[in-house]
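Novice: As given, the protein sequences belong to chains A and B, one line each in that order. Numbering-wise, numbering that gives the first Met the number 0 puts 391 at position 392 of the first sequence, and it's gapless, one number per residue. Numbering-wise, numbering that gives the first Met the number 0 puts 189 at position 190 of the second sequence, and it's gapless, one number per residue.
Calculated directly from the structure, the hints in this document are not laboratory data. The structure presented is a predicted model; accordingly, all values stated were derived computationally and were not measured. Even for Gly, the Cβ is constructed at its ideal location relative to N, Cα and C. It is possible that some hints are incorrect.
[What the hints assert, rightly or not] Not the full set, but computed from the structure, chain A residues with beta-carbon under 10 Å of chain B:
id : residue
1  : 272
2  : 436
3  : 438
4  : 452
5  : 455
6  : 472
7  : 475
8  : 478
9  : 480
10 : 481
11 : 483
12 : 485
13 : 495
14 : 502
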Amino acid sequence: MNKTITYSVLATILVLLLVNFFHHEKPLNLSQYELKQKFASKHSSSVDHSQFKILQSDFKTPQDVTEACLGCHNQRHEEIIHSSHWNWDRVAYVEGKGITKLGKKNVLNNFCIGASTNEQSCAKCHIGFGMSHSSFSFENARNVDCMVCHDRSEEYIKGAALSGYPDRNVNLNKVAQHVGRPNKINCGACHFYSGGGNNVKHGDLEEALLSCDRNTDVHMASNGINMDCVDCHSANKHQIKGKLYSVSSTNVNRLRCEECHTAKPHMDEVLNRHFSKVSCQTCHIPTYAKENATKMAWKWSEAGKMDENGEQYHTEDSLGNHTYLSMKGEFKWGKNVEPEYRWFNGNAQHYALGDTVSTEPVQVNKLLGSADDIHSKIYPVKIHRGDQIYDPNTKMLIQPKLYSAEKGDSAYWMDFDWNLSAEAGMKGVGLPYSGEYKFIETEMYWPVNHMVSPKEKALSCNECHVRDNGRLSALNDFYLPGRDKNDWIDLFGNILLWGSLAGVFIHALARLINSIRKKELESK
Amino acid sequence: MKQVYIYKKFERFWHWSQAALIFFLALTGFEVHGSFELLGFEKAVAFHRIASYLLLALIAFSIFWHFTTGEWKQYIPTISKLKDQIQYYTVGMFKNAPHPTIKSAHKKLNPLQAMVYLGFKLVMAPVIVLTGILYLYFKTFDANDVIVVSDIPLEWIAWAHTFGAWLLMAFVIVHVYMTTTGHSITANIKAMLTGWELLEDEESNDDTSRETKEEQETK
């Protein structure tokens, strides 16, 4: 009787254990539900700007519109003229340089290299009117372009090579009466098309996000929560949250996933523990450039070739992306690209105009961090590789003058003479040029933050925790379970294991032979 | 020779559940180590962690049992017949020599066993259990909270844990094989399953060792 009770108790415990072991109901992630609820209600404007008398006037110049805006929003220009979107630089403490100003004004990239001396064209993406190389007042509030960010009529467009002025066909009256909270295309007009075309630079920011499904981006999907850029990149007092490390250098004002999703977003303790060393993006953005290709390599050294008639020419790959342009050189594109991974602590260094080149390839921006730095996490990065013009005597990268409206102005895109272009460009930024140029390999690091996949498509454990060819195989400065081992311990272990097996086997064999002999003796 | 009730109920439960856990932990553990792929890394980790908690609980119970029953004294090593025992396994048993020690309920382990099992309990198990606990709780708290074991590199913990696992594997192989060296090939395994073993008579006043099977059943 006692036995029966004991066994049935034991059996019950066993069954309960097994059920617990094999059955896992997905628990509800309530914080996720709250977020979905929060962003499900969309922003609606509390005023109709078209009813304001001041906006019904006939605007002759875009500056007139700005003046009308400031008529009511009479302190907003102060916020703008202290922003990096306006100044194209920001004050930062940089190791080795001290307190310095860094931004588009003085850092280089390895796409179209740099804006200096090319402002007439590059200022298409400046939030002002009339920025040119020689003359622009960063104090003049009349030149602030409110419309480029706040137009909701989809009418406003900046003109090509007009120093930031709008296209001449834009109906300023219509735009002025339809202003409001920025939506995707306001930001995307510059941030999607930077580098001369859709998705050229970022890889994770492109026009597909205007209308995509959840597989491309869970946050911005039109069949999902359909968030706008400014839902995350909030802009209280025009100080926009978040930053990009192609032009930023310090670990401040960053926009982090955990601000909404908390530092313990998973229902699984082991996954949550990854948070201290692995960024959310690492697992949740398995690939970028999901819809349209992004530029992965750009070789300026190949630029300047002409066809048999002496004319410029181009070649395309199967997706219709330029693989060669006489003006720009040779390109490589990638679609659905697996990021590379780097330790990153939120601080970056940049090659700024006038710096001396110390490494090859030159890292025009460099993400700082390492495994033993407690502030570093692993981030997915797009690394854009290429080469660009440099002066072997001064050991400086050269700011070339690329753009001009007409020939004979030393611009490379008109005259195809690197020497003239280098001379004019370096003169324009007040730096020496020895008269000799070469091409040097460059790398640029773009942390990947957008195009978050649905959770089912996040990386699985064994894409990193695997002996060979895992996603993190290039990061070797830490112990990764499943990938790393101590060869000596494993050698010792194998010798011990196989040695024991062999010893046992030999002993058993000896016993067997012995007993057979004994039986033979007995039978005799 | 007579049947003696040598392994008590808890002892048998402890032995076999520990054996099962060790096999399961080895299987999942070496998958986590990257030696092979079977369940997939995620499941291997999850199951390894669950099984390790079960083992910890079992160990807690067994320590309690060893001390409350006095069974821990079985593991006090003796040097006196150690040499004879080694000689028996290497030479004696091939010459049909008798076991140099007599097994009984209050002396279940021969000197070599006592020595090896003590090593198991004082070296192998602590190495693997302590490093396992460090591994379990490594960086449980993030940078803003108290960090329990982040000062010890994961590398060291993992190496020591792997080292312990290799030792344990070798122990298991030899241990399983040695069970075949009883009076018959399966005598020892049967004893650990049923509790009863056919043992040689022992000159002793101890009551439990004299109990016959019949006496037990009449109780």
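Novice: Hints first: check each against the structure and report whether it holds.
Specialist: Cross-check of the supplied hints:
1. 272: holds, 6 Å
2. 436: violated, 47 Å
3. 438: violated, 42 Å
4. 452: Hint violated; residue 452/A Cβ to chain B Cβ min 17 Å, cut 10 Å.
5. 455: violated, 14 Å
6. 472: violated, 13 Å
7. 475: violated, 12 Å
8. 478: With a minimum Cβ separation of about 4 Å from chain B (threshold 10 Å), the hint on residue 478/A holds.
9. 480: holds, 6 Å
10. 481: holds, 5 Å
11. 483: holds, 8 Å
12. 485: holds, 5 Å
13. 495: holds, 5 Å
14. 502: holds, 8 Å
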